[in-house]
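**Q** Let the sequences and hints guide you as you build the complete structure.
There are 2 protein chains.
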Amino acid sequence: MEIRKEPVKALPEPTLRRFPKYLQLLKRLKIENIRYIASNMIADELGLDSIQVRKDLSLTGIIGKPKLGFDLDELTQSLFHSLNWDNINEAFLVGAGSLGNAIMGYKNISAYGFKIIAAFDNDASKIGSIMNNIEILPIENLTDMIVSMNINIGVITTPEETAQQIANLMISGGIKAIWNFAPVHLKVPENIIIENAQLSQSLGVLTHKLAVVMKSHSSLPAKEN
Amino acid sequence: MEIRKEPVKALPEPTLRRFPKYLQLLKRLKIENIRYIASNMIADELGLDSIQVRKDLSLTGIIGKPKLGFDLDELTQSLFHSLNWDNINEAFLVGAGSLGNAIMGYKNISAYGFKIIAAFDNDASKIGSIMNNIEILPIENLTDMIVSMNINIGVITTPEETAQQIANLMISGGIKAIWNFAPVHLKVPENIIIENAQLSQSLGVLTHKLAVVMKSHSSLPAKEN
DNA sequence: TAGATTGTTAATCGATTAACAATC
DNA sequence: TAGATTGTTAATCGATTAACAATC
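Protein chains in written order, with this note's numbering: chain A, 8 to 232; chain B, 8 to 232.
Since the hints were derived computationally from the structure, they do not count as laboratory data. Some hints could be false.
If the Cβ cut is set under 7 Å, some of the chain A residues that face chain B in the computed set are [unchecked claim]:
# : residue
1 : 42
2 : 43
3 : 87
4 : 112
5 : 192
6 : 217
Every residue gets a Cβ at the ideal spot worked out from N, C-alpha and C, and that includes glycine.
**A** See the structure below:
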């Protein structure tokens with residue numbers, strides 16, 4: 008009964024963002040031939056709270072064993088299933104520049120149940136060439152190919168100027184989710200899933216925190232307000 | 008009095024992650040020669056709530072004008088200052104693979120007050136070459152150069168196996184903040200700032216949401232629990 | 001059994017949203 | 001002035017953390 012795969016319920020985003028971290032750790036432990044792992048140990052390794060780990064894991068539906076912890080393989084499976092990484096999610100990528108290239112070349116991406124089937128660009132010199140085993144096709148073919156190959160995911164690694172147009176093309180072809188690396192807010196119908204992966208967001212957090220730390224080390228007494 | 012730059016106070020992360028979005032929009036509006044922008048308009052354009060926008064902006068210390076909104080230039084400055092993007096943050100990058108290359112080649116990165124001064128790799132064939140105007144140096148030089156050039160930020164784009172060692176080298180040289188793209192949890196002293204930018208986190212959210220949507224479209228009646 | 005660990009219900013905390021007064 | 005918009009205080013919501021019972 009527990010073995011049958013349940014349909015995936017919507018999980019909180021903070022939890023989802025921790026799942027890949029758990030999987031990284033489990034992968035390492037698997038190599039060391041460990042069979043059971045306690046929430047405590049996971050928490051220690053990843054700098055989290057063990058209660059949080061248990062709460063997170065319980066959302067995948069897994070049931071742990073008192074005194075032992077969680078079966079490593081079963082936990083791995085549960086996490087994969089929750090992330091939908093036990094499927095192959097086929098995607099088209101648009102924008103074969105250096106970022107697009109990096110994503111296409113990302114070794115582990117297939118471990119995430121993700122497969123870029125084809126890439127598109129409007130640079131004639133790139134069209135027809137093959138990067139990382141992926142053929143570069145002209146953008147004119149994009150919409151039709153989404154329809155005919157029934158692709159659900161689009162990756163946008165174009166410059167900001169063209170990102171919105173590409174998104175529109177993708178949506179008109181029937182794309183359901185867009186992984187957007189271009190530094191623009193895409194306007195899309197609300198049934199379309201957008202996941203933004205802009206470097207600037209992450210960088211901003213870093214530089215801000217650094218500024219805070221540096222300022223507090225400087226000798227100026229903080230003005231109490 | 009309002010003009011003098013205040014030391015940056017620590018801001019909530021969700022707010023920080025929205026700041027670059029605001030800046031993207033402001034940049035566009037600047038081109039259209041707009042002088043004032045209302046929180047309402049920002050909210051509409053970015054799919055946010057206007058109260059949230061006002062709350063966010065107030066944290067930068069800016070004061071808006073009733074009936075008009077916020078002065079575009081002043082707001083831009085305030086956001087830049089809060090993110091510490093009105094400084095040049097110098098960084099060293101380690102791992103001159105395709106991801107490292109993409110980051111080095113990222114055009115807008117200097118607009119984020121960020122500058123990669125040098126890159127390091129352990130592949131002898133790369134050392135001495137120049138990628139995107141950045142010289143590739145041997146990793147042996149890393150720690151010493153961090154010390155002598157007084158670099159605060161390290162970017163890790165190595166494979167997962169070497170990431171922790173590189174982090175250790177960086178920290179021993181005096182790096183204060185690490186932008187980590189390798190799929191590992193880095194163990195560092197608590198005064199070191201780590202900002203993780205792993206693709207897997209973002210991808211996991213995307214594929215999960217897609218699974219939820221697809222399942223709910225399938226004809227199976229959801230099992231009420 | 002005692003002890004370690006899970007799983008759940010309740011309390012806390014922080015971010016978002018609502019309500020409304022202040023300002024031009 | 002009336003109306004639009006800001007800015008702040010209070011209410012709500014959701015995620016994290018604490019407390020503790022259940023299990024092997």
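**Q** Looking back at the numbered hints, which does the structure fail to meet, lowest number first?
**A** 1, 2, 3
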